[in-house]
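Protein chains: 2
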Amino acid sequence: MRDSAPVEFDVRAGGGARDYGVVVGRGLLDRVGAYAAAAAPGVVRWIVIADDTVAGLYASRVAASCSPDGVDVLTFPAGESHKNRAQWADLTDRLLAAGAGRDAGIVALGGGVTGDLAGFVAATYLRGVPVVQVPTSIVAMVDSAVGGKTGVDTPAGKNLVGAFHPPAVVLVDPEAVGTLPRRQRAEGLAEAVKHGAIVDADYAREVGRQASALLAGDVSAVERMVVGSIRVKSQVVSRDEREGGLREILNFGHTLGHALEAASEYEVTHGEAVAVGMVLEARLGERVGCTRPGTAAELKALLEAVELPTAPPPGLDLSRARAFLSSDKKVRKGRPRFVLLSELGAVDDTGGRWARPVDDRVVSDVLESA
Amino acid sequence: MRDSAPVEFDVRAGGGARDYGVVVGRGLLDRVGAYAAAAAPGVVRWIVIADDTVAGLYASRVAASCSPDGVDVLTFPAGESHKNRAQWADLTDRLLAAGAGRDAGIVALGGGVTGDLAGFVAATYLRGVPVVQVPTSIVAMVDSAVGGKTGVDTPAGKNLVGAFHPPAVVLVDPEAVGTLPRRQRAEGLAEAVKHGAIVDADYAREVGRQASALLAGDVSAVERMVVGSIRVKSQVVSRDEREGGLREILNFGHTLGHALEAASEYEVTHGEAVAVGMVLEARLGERVGCTRPGTAAELKALLEAVELPTAPPPGLDLSRARAFLSSDKKVRKGRPRFVLLSELGAVDDTGGRWARPVDDRVVSDVLESA
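Chains as they are written, first to last, in my numbering: chain A, -19 to 350; chain B, -19 to 350.
It should be emphasised that the hints constitute simulated quantities derived from the structure, not laboratory data. Do not rely on the hints blindly, as some may be mistaken.
Here are the in silico distance ranges between beta carbons for each label pair [said to hold, decoys possible]: (1) 246(B) <-> 24(A): 28 to 34 Å; (2) 163(A) <-> 41(B): 43 to 49 Å; (3) 294(B) <-> 10(A): 56 to 62 Å; (4) 24(A) <-> 41(B): 47 to 53 Å; (5) 196(A) <-> -1(B): 50 to 56 Å.
Using N, Cα and C, we set each Cβ at its ideal position, and we do this for glycine too.
Kindly generate the complete structure, drawing on both the sequences and the hints.
Right, dumping it as structure tokens:
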């Protein structure tokens, strides 16, 4: 692969929406306008939404690419705590005050919070206007910007309100990772390892081998990793746009991960929680007998290489985690369900179902012994 | 047509969503559960949302039809002023508190406000759960329950936030009109006359002939009228699910109607404003030369028969109405657009476009002389 040529993937949007492209290439931040115009030709006015941190780094370049005179940039305070309904309403009101009509479009410039929040604003503004996702964190590049999920948190939990609103196009400039703190880079690599774990063992192992370059923000290494992850995610999402079936495999590590994240009151980040969740769910699979022995150990080693935790933090209240387990969005008829591997790089498909309940005692056992 | 057998229409939902049925029949309020289960077999738990007025009249019957033990009924205060983001958030929080999961579904029981509000709750709850629309007002039966539009108002205007979320099924029991005040019945007939005006002159004239029976709430007359209107609306919506083209004809009377409604601070109801808007937009068409002379006068007579106003209320500030005109959602590049008739029962199609700008002076003239 040449680093300099943008790599493009096509994603089926489903829901009758136009399929969309995901483009990965260096310097795309300066070409957002051209790609956006080609992907959503009906839009006569773009408006950039970014948190105040990312806005300071990249908004002027992106705005200048949308129009020679620049375009409006709406900012909000950085951080997951601002991904809520009040911030959604405020951004909506500012769009209305700016006179944005149905022929406006949103550029969501930032990490996962911005993609979800600005995406939900776009999904609901005048019953929906186009959104271009421009992810600047690794988590958003490899995971949240692709797939059309948008939403905000409520006091009861994360992402409890939202909509499927496929983007017009996703533009990934790997150079943006240069400004990320190391812990945020590591966090993003959890989803990359997950993509390998469920579909492609070689890719998972390659992420492990490239760990130090990735953590240092080496642009070539990041670019290859992002391309590898988006290849997996775009294929899975294209085969199941709205989470009826195959897309469930993307939840590997997430059932226990979400519970640990919530039980820690989000002190443990999403990526860190998913890392722990993957190791524990691999052990769950080994205990249940569907996962090849040694898989959890190999996963653990890969995740340690990218500086991610592989056990719950000392002192975490596991009974709280168990309580969150039974209130998970994916609960069906009161029982949490788990995606289990058959081995590194493959999910166990039990009779065509990608997630299944596991005996409570086994779950408790694996949690306690971690 | 036999009054006793339910009449069914199929509507294309578009957006990849399942097509849905609209069923019209007496006594359907007691059969909501069976129809809902057939239309959304994945739902294991239904929750009814209704305003406190409608809840007192019909919620227990509907809830009992959903489960032998009844189901949860969430109520909110009646009235357009409660169709807002705060009420949407509150209903969402109560669903979360009740433990409703992705396998829950919403029954929106009531008039247009409830359909829009509960529909938007369903559209965004856990990124979308099924909704069954059970309209109990004439406006909702003939218009708002069919087509998948959901949303709430903001301080800047009506329906400025929302989503397209096609219902699983729409169940219309014409007996519900028995409890409506006469002014609300009249209001609903504006949309029925509109359906005739844009597609079927015979149907428009039949609504006029049946005026006294319809205003009195005669169930047979209402049933025939609802069937006639839904036939028109379901055909138009099926050919253009998301308002790219033909669906625009449903906005006949609405460009000026919305402006008058807003300028009156919603003292003039939506149906009343649309009635006035239709007469004025018919005159606009006559002035522009595309509408057969005499059309506005015939429309005016039909609307007077169903006890609807045909001129702005005395004292209304027309300059305010003009200001609202230029902030309408349908404005493109700053100019309001109008659907114009060629004659009663047919829309003028100028080069494949269903709405067009009209010279400001002509619009002002028609407004002033009304």
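Subject >> Beta-carbon spacing of residue 294(B) to residue 10(A) - inside the hinted bounds 56 to 62 Å or not >> reply: 59 Å, holds
Original post:
When you take the CB atoms of residue 163(A) and residue 41(B), is the distance between them in 43 to 49 Å?
Top reply: 57 Å, violated
Subject >> Outcome for the supplied range 50 to 56 Å, where the beta carbon pair is residue 196(A) and residue -1(B) >> reply: 53 Å, holds
**OP:** Note whether the CB distance of residue 24(A) and residue 41(B) lies within 47 to 53 Å or breaks it.
**Re:** 50 Å, holds
Original post:
Falls inside 28 to 34 Å, the C-beta gap from residue 246(B) to residue 24(A)?
Top reply: 30 Å, holds
Going down the numbered hints, you'll see the structure goes against just number 2.
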